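Take a look at the letters that make up each chain.
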Amino acid sequence: MRGLKTPLGAAAALSLAFLLFAVVLGPILWGDDAIKVDTMALAQGASAAHPMGTDGLGRDVLARTMVAARPSVGLALLATLITVAGGLLLGGLPAVLGRRAGRLLNGFIGLVVAFPGLLIALVLAVVLGSGGRPAAFAIGLAGVPAFARLTQTLAASVAGRDFVAAARVLGVGRTRMLVRHILPNIGEPLIVQATLGAGGALLAFAALSFLGLGVQAPDYDWGLLLNEGLNRVYVNPAAALAPGIAVVLAGLAFNVLGEYAAQVFGGRSPAARGAGGSARPVPGDALTVKDLRVSYGPAVPVKGVSFTVGAGERVGLVGESGSGKSLTALAASGLVEPPGVVAGSIEAGETAMVFQDPMTSLNPALRVGTQLAEVATAHERLARRAAGRRAVARLTDVHIAAAAKVARQYPHELSGGMRQRAMIAMGLMGTPRLIIADEPTTALDVTVQKQILDLLREVSDSTGAAILLISHDLAVVAQLCSRVLVMYAGVIVEDLTVERLVAGPAHPYTRALLASVPDMSADRSQPLATIPGRMPSPADPVAGCPFAPRCPRAGDRCLTAMPPFEDGVACWHPIKEVS
Amino acid sequence: MTALEFQGVRVRLGRRRHAADVVKGVDLTVPAGTVVGLVGESGCGKSTLARAAVGLVPLAAGRITPGSGVQLVFQDPYSSLDPRMTVGSAVAEAVPKGAGVDRAGEVARLLDLVGLEPGHAGRLPRHLSGGQRQRVAIARALAARPRVVIADEITSALDVSVQGMVLNLVRELQRELGLTMLFISHNLAVVRYVSDRVAVMNRGRIVESGPVDDVLSAPRDPYTRTLLESVPRLR
Ligand SMILES: Nc1ncnc2c1ncn2[C@@H]1O[C@H](COP(=O)(O)OP(=O)(O)O)[C@@H](O)[C@H]1O
Ligand code: SF4
Ligand SMILES: [Mg+2]
Numbered sequence: 001m002r003g004l005k006t007p008l009g010a011a012a013a014l015s016l017a018f019l020l021f022a023v024v025l026g027p028i029l030w031g032d033d034a035i036k037v038d039t040m041a042l043a044q045g046a047s048a049a050h051p052m053g054t055d056g057l058g059r060d061v062l063a064r065t066m067v068a069a070r071p072s073v074g075l076a077l078l079a080t081l082i083t084v085a086g087g088l089l090l091g092g093l094p095a096v097l098g099r100r101a102g103r104l105l106n107g108f109i110g111l112v113v114a115f116p117g118l119l120i121a122l123v124l125a126v127v128l129g130s131g132g133r134p135a136a137f138a139i140g141l142a143g144v145p146a147f148a149r150l151t152q153t154l155a156a157s158v159a160g161r162d163f164v165a166a167a168r169v170l171g172v173g174r175t176r177m178l179v180r181h182i183l184p185n186i187g188e189p190l191i192v193q194a195t196l197g198a199g200g201a202l203l204a205f206a207a208l209s210f211l212g213l214g215v216q217a218p219d220y221d222w223g224l225l226l227n228e229g230l231n232r233v234y235v236n237p238a239a240a241l242a243p244g245i246a247v248v249l250a251g252l253a254f255n256v257l258g259e260y261a262a263q264v265f266g267g268r269s270p271a272a273r274g275a276g277g278s279a280r281p282v283p284g285d286a287l288t289v290k291d292l293r294v295s296y297g298p299a300v301p302v303k304g305v306s307f308t309v310g311a312g313e314r315v316g317l318v319g320e321s322g323s324g325k326s327l328t329a330l331a332a333s334g335l336v337e338p339p340g341v342v343a344g345s346i347e348a349g350e351t352a353m354v355f356q357d358p359m360t361s362l363n364p365a366l367r368v369g370t371q372l373a374e375v376a377t378a379h380e381r382l383a384r385r386a387a388g389r390r391a392v393a394r395l396t397d398v399h400i401a402a403a404a405k406v407a408r409q410y411p412h413e414l415s416g417g418m419r420q421r422a423m424i425a426m427g428l429m430g431t432p433r434l435i436i437a438d439e440p441t442t443a444l445d446v447t448v449q450k451q452i453l454d455l456l457r458e459v460s461d462s463t464g465a466a467i468l469l470i471s472h473d474l475a476v477v478a479q480l481c482s483r484v485l486v487m488y489a490g491v492i493v494e495d496l497t498v499e500r501l502v503a504g505p506a507h508p509y510t511r512a513l514l515a516s517v518p519d520m521s522a523d524r525s526q527p528l529a530t531i532p533g534r535m536p537s538p539a540d541p542v543a544g545c546p547f548a549p550r551c552p553r554a555g556d557r558c559l560t561a562m563p564p565f566e567d568g569v570a571c572w573h574p575i576k577e578v579s
Numbered sequence: 580m581t582a583l584e585f586q587g588v589r590v591r592l593g594r595r596r597h598a599a600d601v602v603k604g605v606d607l608t609v610p611a612g613t614v615v616g617l618v619g620e621s622g623c624g625k626s627t628l629a630r631a632a633v634g635l636v637p638l639a640a641g642r643i644t645p646g647s648g649v650q651l652v653f654q655d656p657y658s659s660l661d662p663r664m665t666v667g668s669a670v671a672e673a674v675p676k677g678a679g680v681d682r683a684g685e686v687a688r689l690l691d692l693v694g695l696e697p698g699h700a701g702r703l704p705r706h707l708s709g710g711q712r713q714r715v716a717i718a719r720a721l722a723a724r725p726r727v728v729i730a731d732e733i734t735s736a737l738d739v740s741v742q743g744m745v746l747n748l749v750r751e752l753q754r755e756l757g758l759t760m761l762f763i764s765h766n767l768a769v770v771r772y773v774s775d776r777v778a779v780m781n782r783g784r785i786v787e788s789g790p791v792d793d794v795l796s797a798p799r800d801p802y803t804r805t806l807l808e809s810v811p812r813l814r
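Residue numbers (my numbering), protein chains in the order written: chain B, 1 to 579; chain C, 580 to 814.
Just so you know, the hints here were simulated from the structure itself, not pulled from any lab data.
Predicted, not measured: the structure shown is a model, and the values here were computed from it.
Where is the CB? At the ideal position from N, CA and C, for every residue including glycine.
You may find that some hints are simply not true.
Negatives, chain C to chain B, calculated, CB over 12 Å [as the list claims (entries may be wrong)]: (1) R682; (2) D731; (3) R771.
To give an idea of the chain C side of the interface with chain B (calculated C-beta under 7 Å), a few residues [said to hold, decoys possible]: (4) E620; (5) P637; (6) L638; (7) G646; (8) S647; (9) L651; (10) S659; (11) D738; (12) V739; (13) N747; (14) L748; (15) Y802; (16) S809; (17) P811.
Calculated cross-link-like contacts (lysine to any residue; reagent style SDA-like; alpha-carbon spacing at most 20 Å) [stated by the list, open to error]: (18) C:K676 <-> B:K290; (19) B:K290 <-> B:F307; (20) C:K676 <-> B:F307.
Please take these sequences and the hints and turn them into a complete structure.
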């Protein structure tokens, strides 16, 4: 387990070991001491024989605390089990029931979730009667609404995805849908929640027992020990301290475990700036990249890329998916996250990023105007109101009608094209020298696509910002850019003007790419030209030209030696003639 | 052979105050064994029409025939396959239940039909490329032995080089199996390539339809003209 090397992973392992030790071995090692009545040492303070003192019957408090680990943790787990089972059932049902019953059930969950959990637990404990099991049920049931709500929210978010719709069209039944398609896809956050919940249950249980509503003598758990200890806290503070520490430690252990699970399931921690990214302004070129390499362990998706984007220049970066376009762009703006490693030099002026799906890069919980204003308040310490005014001005600049109204809306209230405009407006809150746009129009339809491309051109003309447009669509690039970089398997294989692209590129890959685009004059009786084979993956070792296995012009040298990049093309046998 | 027919179809989406007509009375026929391309910008109601045809959204008025046996292939192969289900079980799930059905054999046959090696059956979607995923999605739709297939933007999430392969596959399968097909795309060049006829949709209505060459070379509706002018061209 690699995760154990992180501090959180180590803490989680340690906590788990501590808990397991106490639960499994506690009663075996200390079972006898815990019930041995020592009439010679009634209610004593800490001593060498009894490190935490003794209770009213002269029993060793430390031993009793260790023995109490099993019932305390066990009952907490029972309560958690009840919470999880009940929550899954209640939260999953709306997905199984029909539309109307589901909505009713959702309303019900919403209603009960409004009551504080501990209050419900108290009431249930009184109703169900005292004792360990009833208390476990009380705490377990009290946790059900919150867990059900989480299950239901997560299930609803998955239920909206295409694969669920696809299964519906195929006639997959509701129960199978829940069990096979929905639950497996929301299991991870639920496990995290359950683990954190176990910690809460443990504390709640201690509280109930302490109040006399939980475990009853002669059984005992930490809460009851705490109760007994507190009665004599002035005589022997250690007797209250021992179970108190145990509760806190065990509660912490569950929390650390939960946090660790969240980290393992939730992927990487928040964005950290990768090495090699420098955002200091440089005179002259908007972006200079030299020998850029991005690696993930043995996989090297970007294998030494060098290029320059001049001031105000509009450059396209094309290539099939997985060729390293996006990573090159992320590295250029210092956004590659660990474990990605960036090497090489990058000099970039102030950069703005526009992504393919603005929904994922805009915060769904914040109003559009607030998000834009945040950029200015964060970077220039602009006053709130001034920043708000600038946000509206920028939204107007990107031709959003009723900008003031849009600024008060949330991202999901905008159409795809509007969101993309808002994203560009956000980039314009500063004074970027370079706008990197990664597939900005792929999710949009032709008419909106044209508007966004026109907008980018206009912005670049009026502000002098350079543009690096990443796209797999040659026609889109040709529409906006004057120069095109073609990427294949992590290297730039050709750097050419748009005129040359249209007239006939020199690199066989660029030619093949061009031929595979159906245009409005394609011969419909013929199958479309395709490029047989596939691009090598970033982990594959490549000796010669990476395109060689698919290249009709490949010769012996192509298989053994990587062609150098010369005169704008990396190929041993470039095509000279114009098509 | 079955034709796909929309008669006065209206679809209302949203609830109560927010409800709005997304499809406002569509009459459209896809003759049996042919491909009709449906173009128009996103949000104009193309996908809603498709979803109505397979019963994912209810009709407010009109009717769609046939009422069953219609399959839909979705735009995004990254979200239309369950990430936790192997390719084989995803396709098997779609094979109609019945006595004497050799599921494994049927899955192998379908994967072969869409040009995937049988070894792919044990893989999860995340181990496949976008093009391969879309092949799986197509195999899955065909597994249900549909009378009509609706393809909703099935190549827009794919690379040009892969798009070509998927389009070739679609054309081949359509001809081989004589499928009736509604092919939805915002890419006019793509629609022109695979369709026999084309219908142009704008704001919930069909504004123009006819044989592909007629509509695209001599558009009558102003909206069709805008659409044609917006197509980014290389040459
Ligand atoms: N976090 C990551 N871990 C490992 N590999 C990655 C990661 N991000 C991207 N890659 C790999 O890098 C390669 C290039 O990715 P990308 O730059 O997104 O390509 P493009 O934008 O050209 O489609 C892909 O093969 C991808 O699998
Ligand atoms: S170097 Fe050889 S294999 Fe590579 S593109 Fe040129 S001709 Fe083809
Ligand atoms: Mg990309």
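Hint check results:
no., hint, verdict
1, R682, "holds, 14 Å"
2, D731, "violated, 10 Å"
3, R771, "violated, 6 Å"
4, E620, "holds, 4 Å"
5, P637, "violated, 10 Å"
6, L638, "violated, 16 Å"
7, G646, "violated, 13 Å"
8, S647, "violated, 9 Å"
9, L651, "holds, 5 Å"
10, S659, "holds, 4 Å"
11, D738, "holds, 4 Å"
12, V739, "holds, 5 Å"
13, N747, "holds, 5 Å"
14, L748, "violated, 10 Å"
15, Y802, "violated, 9 Å"
16, S809, "holds, 4 Å"
17, P811, "holds, 4 Å"
18, C:K676 <-> B:K290, "violated, 59 Å"
19, B:K290 <-> B:F307, "holds, 7 Å"
20, C:K676 <-> B:F307, "violated, 57 Å"
Hints 2, 3, 5, 6, 7, 8, 14, 15, 18 and 20 from the list above are not met by this structure, while the remaining hints are.
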